[in-house]
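Trainee: Protein chains in written order, with numbering that gives the first Met the number 0: chain A, 0 to 343; chain B, 0 to 343.
Rather than coming from a laboratory, the hints here were simulated on the basis of the structure. Ideal placement from N, C-alpha and C gives every residue a C-beta, glycine not left out. Take the hints with a grain of salt, since some may be wrong.
[As the list claims (entries may be wrong)] Partner residues aside, some chain A positions facing chain B, computed with beta carbon under 8 Å:
#1 69
#2 235
#3 246
#4 273
[What the hints assert, rightly or not] Label pairs and their calculated CB-CB ranges:
#5 A:195 <-> B:79: 17 to 25 Å
#6 A:191 <-> B:79: 21 to 29 Å
#7 B:80 <-> A:209: 54 to 62 Å
#8 A:326 <-> B:336: 55 to 63 Å
Number of protein chains: 2
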Amino acid sequence: MARGTTLSIDAMGGDHAPGVVVDGLALLVADRPDTRLILFGDEAALTPLVAAHPGLSGKCEIVHCEHKITSDMKPSQALRRGKGSSMWNALEAVKDGRAGAAVSAGNTGALMAISMLVLRKMDGVHRPAMTAVWPTLKGRSIVLDVGANVEADAAQLVTFAIMGEAYARATLGKERPTIGLLNIGSEEMKGHDEVREAHEMLRTLDLDLDYRGFVEGDDISMGSVDVIVTDGFTGNVALKAGEGVARMLATRVREALTRNLATKAGAVLAASGLAALREQMNPSNANGGVLLGLGGVSVKSHGGTDARGFATACRLAADLATSHYPEEVAANLARIQQRGTATG
Amino acid sequence: MARGTTLSIDAMGGDHAPGVVVDGLALLVADRPDTRLILFGDEAALTPLVAAHPGLSGKCEIVHCEHKITSDMKPSQALRRGKGSSMWNALEAVKDGRAGAAVSAGNTGALMAISMLVLRKMDGVHRPAMTAVWPTLKGRSIVLDVGANVEADAAQLVTFAIMGEAYARATLGKERPTIGLLNIGSEEMKGHDEVREAHEMLRTLDLDLDYRGFVEGDDISMGSVDVIVTDGFTGNVALKAGEGVARMLATRVREALTRNLATKAGAVLAASGLAALREQMNPSNANGGVLLGLGGVSVKSHGGTDARGFATACRLAADLATSHYPEEVAANLARIQQRGTATG
């Protein structure tokens, strides 16, 4: 059994755990029958849930954990009190090599903090970065950092580009993902020093990357590039601003189609198209954020996700665990170090 | 004739100038008959366009200008070569008190640069800020800065809050606009130093403002507050990211409704609702960015706007020119200075 096909699961994290978690795993093994699972959590609760899915039979090991990280715990509390929790133990399994990747729908701040402590940083990476999958006109793009750090200097932005590119190849199925650096405005007024300096580094450092230069906020949804690189503050605001617009427009479309009898009848006739649209825009298809730059794979599922979304996050974890992502990142980081330009 | 009801118009700025500009002015005077207009531009081109709108008769003065700022000019070029252009002269008219506000659909960077040079900064304001009107679930909110500066320290963010609040009162018709500071993440990990320091200042400085604390990116479209304060880099990215999502979703809805015969028939039946939606989301209803913090009102219309959008930008200019915005901003800035906390 290949190491990469074993996932360690925090079965107690998320708004609807452990039920949705186990249901998601059943969906996962239905189309990835080679996957093996180690579930960390309350054995008494998990055993009957697993037993209810014949597809999980023989593929799940349950490891009992006495407690879990709650959603209201601060990262510092989670670090102090988290040892032995389902989240912590799932990450330990990745560190020990018992699993290729960990997946949790639990507390984001706690997961980032415990992941960094347990898995440590990859050599040459000073700041890990959180990814998001963004639906675009052309498919999907990766945005990073979306909130692991509030700031990023030029060298960190370059590292984000390197990690994001290898990650996009592993999970989007693109052989040669394109990269853009998020910026604003006209040629003359472009960006802060960090962004301009990172642009120069990406253009001149002879990295093995298809760097396409600056992109602006509206390029993300247009799918102009596969990987959008930015600092965690800007990336988080962009992601949430976009989610807000999508939510507002969904409400407005609903209102428009229930306006009167004619529009309601129209909505019934258009149901097949609207269902396809809902399916296209279903967040469950894009669930899973990864903290890149660690010595192991840790995937964050949305806390409120359904079973399908949890399965999506697990597929992403498995893709990354079986990819050449760590070697590719290491090779590009070595190129920077050879040029003597890496900074802290 | 009240000063505030005279607008100076850069009739040559924008993708479809001067035709769309003059058509927009005709719409404006149709519902604001007290408005007087000074048009700066090519007299030979403007005279017949104005004559074609009987409603403009007796309300327009045309001032001939030999040249105009082109869309590809850099701000530095515009400053060197812009004197005597339609844009420059429109701003001079505000400075001289011949008009209460200037409106241009021309080159944004040039308009910002020339506005700052000609109108100068308001006392106590170190960095002007560009506003945007953002459609929300509750109506409209104001976001600033959306790109006049790439960075902002805490004192500048506080100034943006003061200017944005008075601006929202003048243009949204809210007696007591609420204010939020854009930030990310959980309590413990919140934001950079600048944002945290601005939060403390807004909470403790005893300003005449209804400050509601931190908001996140998705709060903008929810209409959680009337004024969203952020630095120009983050604000510009958020605005464009949101525009990108809206454009992508519009494309997807169109695809969904033209998917097959049934959906096409449904779209016909739902036409009234969809038309109302299009109207609600029409960018012409939210056109007009203002560079706040100057010694006079300078409004930027979108370059590609239609006549309705240009009229919207002019209404906004007139509302601001006739408001108590400058006095209100001055009063709050004086409160900061009394506390001795204003910084550069």
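Trainee: Evaluate each hint against the coordinates.
Mentor: Each hint, compared with the structure:
1. Hint on residue 69 of chain A is violated. Least Cβ distance to chain B is approximately 13 Å, over the 8 Å limit.
2. A cut of 8 Å between beta carbons decides the hint on residue 235 of chain A: the least distance to chain B is about 4 Å, and the hint holds.
3. With its C-beta approaching chain B no nearer than about 7 Å, residue 246 of chain A sits inside the 8 Å limit, and its interface hint holds.
4. At a threshold of 8 Å, the smallest CB-CB gap from residue 273 of chain A to chain B is about 6 Å, leaving the interface hint in force.
5. For the hinted restraint 17 to 25 Å between residue 195 of chain A and residue 79 of chain B, the CB-CB distance of approximately 23 Å keeps it satisfied.
6. Judged by the Cβ atoms, the range 21 to 29 Å given for residue 191 of chain A and residue 79 of chain B holds: they are separated by roughly 25 Å.
7. For residue 80 of chain B paired with residue 209 of chain A, a C-beta distance near 39 Å fails the hint of 54 to 62 Å.
8. A hinted range of 55 to 63 Å for the beta carbons of residue 326 of chain A and residue 336 of chain B is consistent with their spacing of about 59 Å.
Hints 1, 7 from the earlier list are contradicted by this structure; the remaining hints agree with it.
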